[in-house]
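Residue numbers (the numbering used here), protein chains in the order written: chain A, 2 to 303; chain B, 2 to 303; chain C, 2 to 303.
There may be inaccurate statements among the hints.
Claimed, not checked - Reference listing, derived: stretches of chain A covered by chain B, where coverage requires no fewer than 3 residues with Cβ under 8 angstroms from a Cβ of chain B: (1) 60 to 68; (2) 194 to 203; (3) 287 to 293.
Derived by calculation from the structure, the hints in this document are not laboratory data.
C-beta atoms are modelled at their ideal positions from N, C-alpha and C, and glycine is treated no differently.
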Amino acid sequence: MTAQQLDDSGRLRHLLTLEGLPRDTPVGRVGNKRHVLGGSAVCTLFFEPSTRTRSSFHLAAQRLGADVLNFDASTSSTRKGETACDTLKNLEAMGVRGFVVRHPDDGAVAALAAVAGEGTALVNAGDGRSSHPTQGLLDMLTLRQAKGPDFSKMKVVIVGDVKHSRVARTDLHALRTLGVGEIRVCGPQSLLPDDDTLKGCVVGDDFDAMLEGVDALMMLRLQRERMEEGLVPSLEQYHAQYGLNTARLARAGKDAAVLHPGPINRGVEVTDEVADGPQSWVLRQVANGVAVRMAVLETLLG
Amino acid sequence: MTAQQLDDSGRLRHLLTLEGLPRDTPVGRVGNKRHVLGGSAVCTLFFEPSTRTRSSFHLAAQRLGADVLNFDASTSSTRKGETACDTLKNLEAMGVRGFVVRHPDDGAVAALAAVAGEGTALVNAGDGRSSHPTQGLLDMLTLRQAKGPDFSKMKVVIVGDVKHSRVARTDLHALRTLGVGEIRVCGPQSLLPDDDTLKGCVVGDDFDAMLEGVDALMMLRLQRERMEEGLVPSLEQYHAQYGLNTARLARAGKDAAVLHPGPINRGVEVTDEVADGPQSWVLRQVANGVAVRMAVLETLLG
Amino acid sequence: MTAQQLDDSGRLRHLLTLEGLPRDTPVGRVGNKRHVLGGSAVCTLFFEPSTRTRSSFHLAAQRLGADVLNFDASTSSTRKGETACDTLKNLEAMGVRGFVVRHPDDGAVAALAAVAGEGTALVNAGDGRSSHPTQGLLDMLTLRQAKGPDFSKMKVVIVGDVKHSRVARTDLHALRTLGVGEIRVCGPQSLLPDDDTLKGCVVGDDFDAMLEGVDALMMLRLQRERMEEGLVPSLEQYHAQYGLNTARLARAGKDAAVLHPGPINRGVEVTDEVADGPQSWVLRQVANGVAVRMAVLETLLG
C-alpha cells in the first residue's frame, strides 16, 4: 500500500495509511486558502456513518473552495446491490476528483484506490481496524504542539481498547516513524491485540504503574458493544481501572498532555475534570483535524 | 437570558429569545449581500428534525456566502453518548462561527450559548415550548407589511394550541414589546396554558365571538399527537369550532391578515379557500423568514 | 404537457418530458461555466430516494455556481401532512428558482409545474413510469458519440423490463423524435407493456434473435421486486434468457454500443466482461449526465 500511495517521484497520490510512509513526505502547509480547490468536486463517500469525521473533512474541503458532495453509501444505491467500486467509478465519471472514504472493512479504501482513474485521489477516512491516517497526522501535530519537536525524548502511553482501534494502530505507525522514545500500551488483556501490533512497546494492564513519567496519554474510546461482547465487565469497573482522573494524571509526567480521538464517554475513559482541564488537548486535536485535512486535500488535489 | 444575548453596548451577540429584547435592538438591513459571510462556516445543528426551518436558514446563510454544514444531531455521535455541549465545542473547534440550533428542551439553546466561546454566535431555531425568535421576527415583519407600522391600533387574535406552541409564546413576547393594541387568544380549554403566559390577553374558547374586528389572525398548527393524547376529540370537530373558513373570515376586520407558521393542515386550521385566498400572508411569511434570518446572521456574524 | 414546457416563442420553460418535444429545441452548450448560476438557488426535491440522480444534478448545479439545497421530501414536513404543492410553493417563497423533482407518480412533476410561479423552472428527474427526460437526453448524446450523428441508419434494441421503466418510455420518445432507423424491444412477455407504448417497434422475447445487426443495446435495470411480484422466475433464469454476455454481444453489429442507466446488477442484466469491456458506454453515460444536466439548468435558469 505504501508504494501505491506515492508516485515515482515520492509525491503523495492517495493517503491510505501511515504504515511505512516516509517521515519527510511533503505535505502542503496549513492556511486559509480559498480557491485552492475552487471548482473541484470532493465527495465524502461513507460506507459507515461518522458525522463528526465527515463534518471535519466537509469543512476542510469547503474552506479550500471545493464543491462538496456528501454521498451516504449506507442509504443509497449500494443498497440496491451496487458494488463500492461501481459507486466510486460512477462518481468519478460525474467529475468528482477527490474522495474521502470511510469503510468498515480493512483494506477497502486501498482496493478502491487501485481501480481509481488517473487524476483521482482518495483519502482514507478510516477503514476496518487498521488505518485512519488523518487521525494519526493530527495526533502527531498535537503532540508536537504540546511537547515540542523532539519526539526522541518523548514517553507516550496509549490506553484502552487497542485491539479494535484503527486510531491506535495508526498512531503506533506514526509514533515509530517519528522515533518516539518510549511507547507504552495499557489496557485489559481482553482489549489488547495478540499479534505483533505492539512489537517494541512496553505493555501492561496496570494503568497506575504505566503512568509514571509519561509526557502524553492517548486515551482510546471504549465502544459500548465491548460490554455486550463480554470483553469488559462494566463501564464502572473499566473506569475504576483505566479511567483517567486528576489523581492519576498527577502521577504522570509534569504537564503531561491528554489526547482522545472523540467522542468522549465522560466518566468512562476520562473524568469531566480531566476532559475540561488545562492538560486536555482534545479540542486542539479537533481544530488540528481540519488543518491537517486541508493540507492533505491541498497536497492531493491542489 | 436577555442579558446573555446582548453585550455591554447593547449589541446582539446571540439570538435566544424575544422575551425582554428591547424594541430598538439594531438588526442588519435585508438585502442580497453575497460575500458578507464569505469564508465563514455556519452550522445548522438540529437535535429535533425540521426540514423546513433548516432549509430557510440554509438558504439564508448560503445567500450571504457562508459555507453551510448540516449537522443532524439526532443521527450522529450524540447517539454515541456525546453531550450536546461536546458536539457544539467540537464543531466550534473545527472553525464553525455560527450555529443555528433546534432542540426539544426549553432553555437548551441558552445553555449551549453559555458555554460557547468568544466570537461564536448562536441562533435559537426553536427550543422546547418557549422560544422561536426568528419566527416571531418574521411574523412581526409580516404584520407590519400587512397592517402598517402602528402596532398600537392593531387587534390580533392567536388561535389554537397555544399551550404547546413556541410560536405562540414568541409572538406574545413580540406583540407586547411592540405595544399591540389588543391581543386575543382563542382555543379549546385543553390547549390553553394555565400559567401567566396569557396575562393581559383577552382569552376565550368561542372563535366566532373572538373574531369580531380583528386586524390579524395568527393560526397555530395542530399537531396530530394532540388527538392521541385526548386533548382534541377529532380533526373534524376541531375544524368545526376553530377552523378558519371564508364565512368566519368575513366576520373579522376588513382585510384582516391570515398568518400561519406552516406546515398547514389544510381543512383543519384553515380551509383551502382561506389558505390560498387574497387575505393569506402565509407565503409572505415564508419569504420574510429568509430575509429575517439573513439579517440576523449578518448582525451576529457580519 | 408539451405546450406547458415551452413558452410562446418555443423557448424551454420547464423540462417535463421528451414526448412531443421538437427535435430542434434550443439547449445551452456544455462547458465549465462557473458563475452562470452564481447566486441562484437550486433545490433537489425528491419524493422518492435516488442518491445517484440527485448527486448528478447536485454536481451539475454546483459546477454552474448555484447554491444547492437538498430537500428530502420523504423524511420532511410532507410526512407531517403537507402536500407536495405546498412544499414547492414554500421553497419557491424562500427564493429557490430551480427545482429538480423526482416523484413516484406519473404526471406529478407536470402538476407541480402547473402551480409554479413566473420565473420558477422545474426539471423532471423522473416521475412514475413515464418520464425521465434528462436520462433520455444523455442516452441520445451517448448514442451520437458512439455511432455518429445519422440516427436514421441506426438499429437500436431496448432490453428488459420496459413495462415498469420510465427510462424505456423516455428513450422511445427520443429515438422516434430523432428518426432512428429501427427500434427493437425485447423482454419477457410479463415485462412488456400491452398498450401502444411499443407502436412501430419490432417486439419479441427471443433475445438472441433480436440481437442480429444492432448498433446499440439499451439494457434496462431489473428491479428485484419483479421477482417478489412473480413477474420473473429467478435472477438466474432472467440472466440466461436476457443477460448480455460476450458471446451474445459478438452476435450484435460490429462495435455495437452497450448502454445501461445504472445501477447495474452485475451478472443479471450484463456480465462483468461486458460492463467493463470496450463496448460499454455506461460510464460515458454517467459523465454525459452531468453535462446534459448543466445544459438543461443553464437553459432554464441562466
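Please flag the earlier hints that this structure goes against, numbers listed from lowest up. The structure conflicts with hint 2 only, although it agrees with all the remaining ones.
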